[in-house]
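K.L.:
In case you want the letters, here they are:
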Amino acid sequence: MNKPDLSVQPDLSVQLGPLNFKNPVLTASGTFGYGREFASLMDPNLLGGIVVKGISLKPMAGNPPPRIVETPCGMLNAIGLANVGLEKFLLEKMPWLQKLNTCVIVNIYGHTLDEYGAVAAGLKGVSGIDALEVNISCPNVEKGGMAFGTDPVVAARVTDRVLKETDKPVIVKLSPNVTDIRAIARAVEQAGAHALSMINTLTGMTIDIEKRTARLANGSGGLSGPAIRPVAVHMVHQVVKTVNIPVIGMGGILEAGDALEFLMAGAQAVQVGTANFTNPRASLDILEGIHKFLKDHGIHSVKDIIGSLKS
Amino acid sequence: MFEESAEIVFNKRVAGATFFMGFRSGPMGEMANPGQFVMMQVRSGVDPLLRRPFSICGVNGDVLLILYRIVGRGTAILSQKKTGDLLQVLGPLGKGFESPGGAVQPVLVAGGMGIAPLIFLSLTLARKDQQFLAGYGMSSEVVPLDQLGIVGLSPSIATDDGSEGHHGRVTDLLESVLSVKEKPSAIFTCGPLPMLKAVAQIAMGQNIPCQVSLESNMACGVGACQGCAVKNATGLNKPYAHVCQDGPVFDAKTLDWEVI
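So the protein sequences, as listed, match chains A and B.
Position one of the first sequence corresponds to residue 1 (the numbering used here), numbered consecutively onward.
Position one of the second sequence corresponds to residue 1001 (the numbering used here), numbered consecutively onward.
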């Protein structure tokens, strides 16, 4: 057996269609605020990119508390997509983000197709935004509250609408709360999405048996954390075999080994979410761990890991 | 704010299920103000997943002090920690108490473990005219301040079952303190929500500025997760405030006590 060449610094850069990341580790929307919250504890410029909190056309107050509850190896949240709204985002958050030396991806959502279009249009031409990530897991008020992301036709329509209104690459973030995620992935690919990110949280519920009430004021919430990781890895693996556009994997990544699972399953980059809460430096620790894994195994490029799962 | 691997100096039971812990804090302790908190990872690994918030009870040299009661798995695990064990700690976090400035006879009203940040506040204020009131369920819950190495603080005690001090609520003590002609002009309080509500209503009814310290579930402690929302009073420009960043200490008038 050949000895690994340890003298070479591995190449961590990845290309996802029109997007170039200096490394495959990003932070997930809703877990990293607007980028600034953790900046005194870790340097976001070292990351491949950050995905900022979901932006809607109008400010959203969010749900009543309690909004979060811990569950075995995970957490449930029903924040309610609270955010400052498009106008304030551009005015108050964007100037700081523009100074970053890493990819900035803005997560967007709407309650109607028109709202998706309007947010995308509002971000058109804004410098310092490298891509949009479209959250299609929110309820469609025109369709009785059913999530956009649960119907291939509707998911494609949202994708198409955003593409028409933007000059930026579009990543569509898939919901796992569907019967067959491959059908949604295919529809979104056909609509022209540049990449997919997956998975969003799994819908869940937990009950206080003394009070006989749901522990979240909203009743249900989105489950995240290591509890969902095997589900996420499997779905990424399924989708990578189905579509030709790149996939960004996420779901319960706490350590480098977790991220490597997603990469080996075929994801070309990963997003770190809940781990940011438990360890503000988690994303950088994961990046260092991937680097070390490549070095230890004499692998010259992280691209050689991607999709390397043996069948 | 700092993220440190902090060494436990001591972790001892001081009453009932109440524990007193000190850990070497470095710059975190130097920066800490009364009312601020730390997020502690009670053990490494994935379960329990999230850090727990604890009010800072005081700083002694380079040792940061917290006072906690076993209320669930996280605190049960914490109570097993030994001298020399390391804990990941993030802090100091949040907005603490504002100085009462020229206010006279500041009154500190504690309920249960709510005494933790008020001990820190009381020691920092070090005012001769301050009054410290502490309510508990029963005598066995009363935190013995002398065992904490704290001298010169002797709160007036109220217990629900009358087993120590005044038989009744701590708000009874507050009302009697406020029944004098020369009224105190600042109230600081921390404790269970129903008690905070009662204190806030008394304070607002008599037009006395009142600072309340709230607790909440939270995942991050730094404003990213937005999990620790609390309803603002109507008329404020934002519907919700966040306990981790806008608080944990709030001016009672800014909160919606009907919804809270």
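What the hints contain is simulated information worked out from the structure, not anything from laboratory work.
None of these values were measured; they are calculated from a predicted model.
A few of these clues could be false.
[Claimed, not checked] Pairwise CB distance ranges (calculated):
| no. | chain 1 | residue 1 | chain 2 | residue 2 | range |
| --- | --- | --- | --- | --- | --- |
| 1 | B | S1185 | A | P95 | 26 to 32 Å |
| 2 | B | S1154 | A | I207 | 39 to 45 Å |
| 3 | A | D296 | B | G1152 | 29 to 35 Å |
| 4 | B | R1073 | A | K58 | 48 to 54 Å |
| 5 | B | S1044 | A | I207 | 25 to 31 Å |
| 6 | A | V141 | B | S1154 | 55 to 61 Å |
| 7 | B | K1082 | A | G128 | 48 to 54 Å |
| 8 | A | K58 | B | G1205 | 34 to 40 Å |
| 9 | B | K1253 | A | L309 | 32 to 38 Å |
| 10 | A | M205 | B | V1259 | 34 to 40 Å |
| 11 | B | D1251 | A | I207 | 50 to 56 Å |
| 12 | B | Q1201 | A | T112 | 38 to 44 Å |
[To be verified] So these bits of chain A aren't anywhere near chain B, every CB distance computed over 10 Å:
| no. | residue |
| --- | --- |
| 13 | T31 |
| 14 | F32 |
| 15 | L41 |
| 16 | G74 |
| 17 | P95 |
| 18 | N177 |
| 19 | V178 |
[As the list claims (entries may be wrong)] Partner residues aside, some chain A positions facing chain B, computed with beta carbon under 7 Å:
| no. | residue |
| --- | --- |
| 20 | A39 |
| 21 | S40 |
| 22 | D43 |
| 23 | P65 |
| 24 | P66 |
| 25 | I68 |
| 26 | E70 |
| 27 | I79 |
| 28 | A82 |
| 29 | W96 |
| 30 | G219 |
| 31 | P226 |
| 32 | P230 |
| 33 | P280 |
| 34 | F293 |
The beta carbon of each residue, even a glycine, is placed where N, CA and C say it ideally should be.
K.L.:
Work down the list of hints and note, for each, if the structure agrees.
P.N.:
Now for the hints, and whether the structure bears them out:
1. Distance hint for B/S1185 and A/P95: a CB-CB separation of about 42 Å, inconsistent with the stated range 26 to 32 Å.
2. For the pair B/S1154 and A/I207, the beta carbons lie near 44 Å from each other, so the given range of 39 to 45 Å is met.
3. Separated by about 58 Å at the C-beta atoms, A/D296 and B/G1152 break the suggested range of 29 to 35 Å.
4. Taken as a hint, the range 48 to 54 Å is violated for the pair B/R1073 and A/K58, whose Cβ atoms sit roughly 40 Å apart.
5. Distance hint for B/S1044 and A/I207: a CB-CB separation of about 29 Å, consistent with the stated range 25 to 31 Å.
6. Roughly 59 Å separates the CB atoms of A/V141 and B/S1154, a value that falls within the hinted 55 to 61 Å.
7. The beta-carbon spacing between B/K1082 and A/G128, approximately 49 Å, falls within the hinted interval of 48 to 54 Å.
8. In this structure the hint that A/K58 and B/G1205 lie 34 to 40 Å apart at CB holds, the actual value being about 37 Å.
9. Hint check: B/K1253 to A/L309, Cβ distance near 59 Å, so the stated range 32 to 38 Å is violated.
10. Between A/M205 and B/V1259 the C-beta distance comes to about 23 Å, which lies outside the given range of 34 to 40 Å.
11. Between B/D1251 and A/I207 the C-beta distance comes to about 35 Å, which lies outside the given range of 50 to 56 Å.
12. Range check, B/Q1201 to A/T112: about 43 Å between beta-carbon atoms, so the 38 to 44 Å window is met.
13. For A/T31, the condition that its CB be more than 10 Å from all CB atoms of chain B is violated, with the nearest at approximately 6 Å.
14. With 10 Å as the threshold on Cβ separation, the claim that A/F32 sits away from chain B is violated: the shortest Cβ distance comes to roughly 6 Å.
15. A beta-carbon of chain B comes within 10 Å of the beta-carbon of A/L41; the shortest separation is about 5 Å.
16. For A/G74, the non-interface assignment is contradicted: its Cβ lies about 6 Å from the closest Cβ of chain B, within the 10 Å cut-off.
17. No Cβ of chain B approaches the Cβ of A/P95 within 10 Å, the least distance being about 18 Å, so the stated non-interface status holds.
18. No Cβ of chain B comes within 10 Å of the Cβ of A/N177; the nearest lies about 21 Å off, and the non-interface call holds.
19. For A/V178, the condition that its CB be more than 10 Å from all CB atoms of chain B holds, with the nearest at approximately 25 Å.
20. Of the supplied interface hints, the one on A/A39 is violated, with its beta-carbon coming no nearer than about 10 Å to a beta-carbon of chain B, more than 7 Å.
21. Residue-level restraint check for A/S40 holds (minimum Cβ-Cβ distance to chain B is 6 Å; threshold 7 Å).
22. With 7 Å as the threshold, the beta carbon of A/D43 stays out of range of chain B, its nearest partner Cβ sitting at about 13 Å, so the hint is violated.
23. Because the smallest distance between the Cβ of A/P65 and any Cβ of chain B comes to about 5 Å, under 7 Å, the interface hint for this residue holds.
24. Proximity of A/P66 to chain B holds as hinted, the smallest CB-CB distance being about 6 Å (cut-off 7 Å).
25. Annotation: interface hint on A/I68 holds; nearest CB of chain B at approximately 3 Å, less than 7 Å.
26. With 7 Å as the threshold, the beta carbon of A/E70 comes within range of chain B, its nearest partner Cβ sitting at about 5 Å, so the hint holds.
27. The beta carbon of A/I79 is positioned within 7 Å of a beta carbon in chain B (closest approach about 5 Å), and the interface hint is therefore held.
28. Restraint check, A/A82 versus chain B: the minimum CB separation of about 5 Å is within 7 Å; hint holds.
29. The closest approach between the C-beta of A/W96 and any C-beta of chain B is roughly 14 Å, which is over the 7 Å cut-off, so the hint fails.
30. Because the beta carbon of A/G219 sits about 16 Å from the nearest beta carbon in chain B, more than 7 Å, this interface hint is broken.
31. For A/P226, the interface hint holds, since its Cβ comes within 7 Å of a Cβ in chain B; the closest pair sits about 5 Å apart.
32. Hint status for A/P230: violated, given a least beta-carbon distance of 13 Å to chain B, over 7 Å.
33. Proximity of A/P280 to chain B holds as hinted, the smallest CB-CB distance being about 6 Å (cut-off 7 Å).
34. Taking 7 Å as the C-beta cut-off, the interface hint given for A/F293 is violated, the closest approach to chain B being about 20 Å.
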